[in-house]
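Participant: So the sequences go chain by chain: Z and W. So our numbering is basically just the index in the first sequence, starting at one, shifted up by 29. So our numbering is basically just the index in the second sequence, starting at one, shifted up by 20.
There may be inaccurate statements among the hints.
Said to hold, decoys possible - Heads up, incomplete: computed chain W residues facing chain Z, CB under 10 Å, no partners named:
{"id": "1", "residue": "229"}
{"id": "2", "residue": "278"}
{"id": "3", "residue": "282"}
These are calculated hints, taken from the structure and not from any lab test. Built from N, CA and C at the ideal position, the CB exists for glycine as well.
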Amino acid sequence: MLFRYLFLLLVILPIKAFALIEVDITRGNLNPLPVAVSPLAIDKNSKDNFKKILKKENLGSEIAKIVENNLKQSGLFNPLNKDAFLQEPDIANLKPRFEDWNLIKAQALVTGKVTFVDEKLRVEFRLWDVLAGKEMMALAFTTVPSNWRRVGHIITDKVYERLTGEKGYFDTRIIYISEEGPKTNRIKKLAIMDQDGFNNKFLTLGNELVLTPRFSPTNQMVTYLSYFRNLPRVYLLDIETGMQEVVGDFPGMTFAPRFSPDGKKIIMSFAKDGNSDIYTMDLENRIVERISNHPSIDTSPSYSPDGKYITFNSDRSGYQQIYVMNSNGKNVKRISFGNGLYGTPVWSPRGDLIAFTKLHKGKFYIGVMRTDGTGERLLTENFYQEAPSWSPNGRVLIFYRETKTNSKGEGFSAKLWSIDLTGYNEKMVETETDASDPSWSSLLSN
Amino acid sequence: MNRSVIISFGLHTFFVIITAMSLPFLAKKPIDLPPIISVELIQITDKTNIPFAPKARKIIEKVKEKEKKLVSEQAPPKKIKKQKPDAVPLPDEKIEKIKKIKDKKQNPEKIETEIKQISEFEKKELFDSNNIAALIDKSKVESAETNKKLDKVTQDQDKEMDFIGLTLGEEDALKAQIFGCWSIPLGLPFNENLLVRIKLQLKPDGSIIRSEILDHARMNRPGQGFYKVLAESALRAIKLCQPLRVPSTGYERWKDMQLNFDAREMLEG
C-alpha cells in the first residue's frame, strides 16, 4: 500500500517543465551564395601532355574557370576571387582547411584533380560544405581531352543541382539564326554553340532563308523552317550526325514548327485556304492532323511538358492573345487579359509557367504567367525583343533583342540575351555574328 | 487500521504541500502594471512667455531650497574630493559645479538651448540654473523610482516567462539575424512541403552546442533531394549566424530551441 502511494506520488509530483521555444523562419536572403572554386590540381606529366594536345598551359585552371564563369552567370552564386585563396589546389583537394575557406566567407568549395590517363582526360572533383566542414559530393569523369569544356559544364551542373535542388542547364547548347549584312539583304544561317557562347558552328551556308529552329526535348534533333524556291519547308536535322531530312512542304505562311514533349510529333501553324490554324504532323507516318479550327489567325503553338495541353496565340477576340486548349483542340480558353498584344507563348519545362512576348504602347516585353493566366510578370522591356526559349530546368529564358545602333535609329543590331525568373539577372550571350530565334537544348549529359 | 489512516493522512498532506509549492501559477499574483504616464506636448513659447507672478516666485524658491539638497546629495563623491580641502565653496560656485556635473550627464546642447530661451525672456532673478538642474534631478529620482517599480514587474514576469517563451522583441531580433544568414536555394519546388525543423542546444552566449534536424530520415528518402538541400541550407544559416542573438537573461528558458525554416513563402512569391 505504501509503495503504491509512493509510486503515485512520483508520477503526479509536479515537475517544472519548460515548453520548447519554437521560432518560425519564413524569410531568407536571395543573395548569391559565396562559393570558392579552387583551380583543379594537375601533376607535371599531365600538364605537359595536355599542353601538347590542347595547347592549354594549365588545364586544371581552365576547367575551374569554366565552372566559375557558369556559376557566376547563373546569378545564384558569387565565386570568390582566387587571389584570396590561402590553400594550394593540390592540398585543398586532399583535405581542405575549412578555417581558411571560412575566413574568406566561402560557404561552398569546389576542389579537384586533373590527370592524363591512357590518352584520356580524367577529372575528379569534390564539393565541400565549408560551414559544416564536410564533403557534399565527389565524382570523377573520364573522356577524350577535346571534351574538356564539357567536363567543366558537367561539374557546374552537379554543383548547381547539389546546392540549389534543381537540375542545371550548363551542359547544353543553343541553336539560333546567325545574321549578317544589311537589313534589306540579310544572310541568315543556322548556327549552334554551347550555352556559354563557345564552340560556335554554322550548320547551313546561308543560301536559303532559315527561320525558327527548335530543339527536340528528348534528343539532339532540330526542326526548322526554310524557304526553298520561296516555298516554306520544314526540316529535321540530327545535330550528332549532321543528317537532314525534309519533313514536308506546306502551303501559304507556315510558322514555328516545334516538337511534342515525346519528340514524336511536330506542331506548327500554316495557312490553308487563307485561314491560319494549328496542325500536328506525326513524324513516323507523316500524317497531318488539324488541331484548331477557327476563322481567326492561330499561330505559335507549344505543348505542355506532359503533352496534355497546347498554348498558342490567336486574334479570335479581336486582339492577339494567349490561349490554352487540350491537345486534341477541345476546351479552348483565353488566359491573357492584360493590355497590349501577346504572342509566342512557350510552356516551361517545369510545367508551371508560360513565357510570352508582349507588345504594349510601342514597347516589347518578355514575361511569364501561370498556366491559368494569373501572376503575369514582365521580366524585361525593350525597343524590340521576342521569341523566348526556356532553359531545360525552366529557370532561365533566352530571347533575342534588336537595338538601334545609333541615336538616329539608323542601322540595327540583333543579339541574344538571357534573363532568369527573378528578372534581375539579365545578360547578353556573346555570339560571333548578329543572332536571333534562339532555342535551348535539353541537357547533353542526360 | 490506525496505521493506514496515519500513513494516508501524512502522504496526502505531503502531496498537497508539494503541489502548492511547485505550481507557482496557483499563487499567481495579478500582473502589477506600471501606471500610465500622460505627457502633454506644448509649445516652448507657451512656457517661456508665462508672465512673472509674485506667488510663483515663492513656489519656485521653495522648490529651489528642496532641490538644492537633492542635487548636493547626488553629486558624485569623486568630484567633491577634487575640491580644495580648505576652500569653502560659495553658493554660486557650488551651483556652477553642480551645473557642470549635470552638463556632463545630460545632453549639453539641449540644456544650453533651454537656458538661452529662458534667459531671453525672463528677468535675471527668475533664471536659475540650479532650479533647472534640480528639476532634471527630480525627474531622475522619479524615473529611478519608476524604474524600480518596473524592475519589480519584470522580475515577476520573468518568472512567468520561464513557461512562456521569447518576447516578441527577442523573437524578432533572432529572426532578423537568421533572415540575413539564410540563403534560400532558389531551385526548390515551391509546391512541396518545404518545412525543416531544427532543434538547437545553445550556450548562454548564443553559440551552438548541438543542432539536430528533427525529420532527418526524410533527407535520404528517394525523391526528397530538395529537402536535403533545404535542410543543409538551414544548417549553414545557423552556423553562419552563430552566436545567435539570444536574450541576455533567462538562459533556462531558451537553452533548447526549435527553429522552423519554411521556404514556401519566399519561393511562391
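Participant: Mind listing which of the numbered hints don't hold for this structure, in increasing order?
Facilitator: The structure conflicts with hint 1 only, although it agrees with all the remaining ones.
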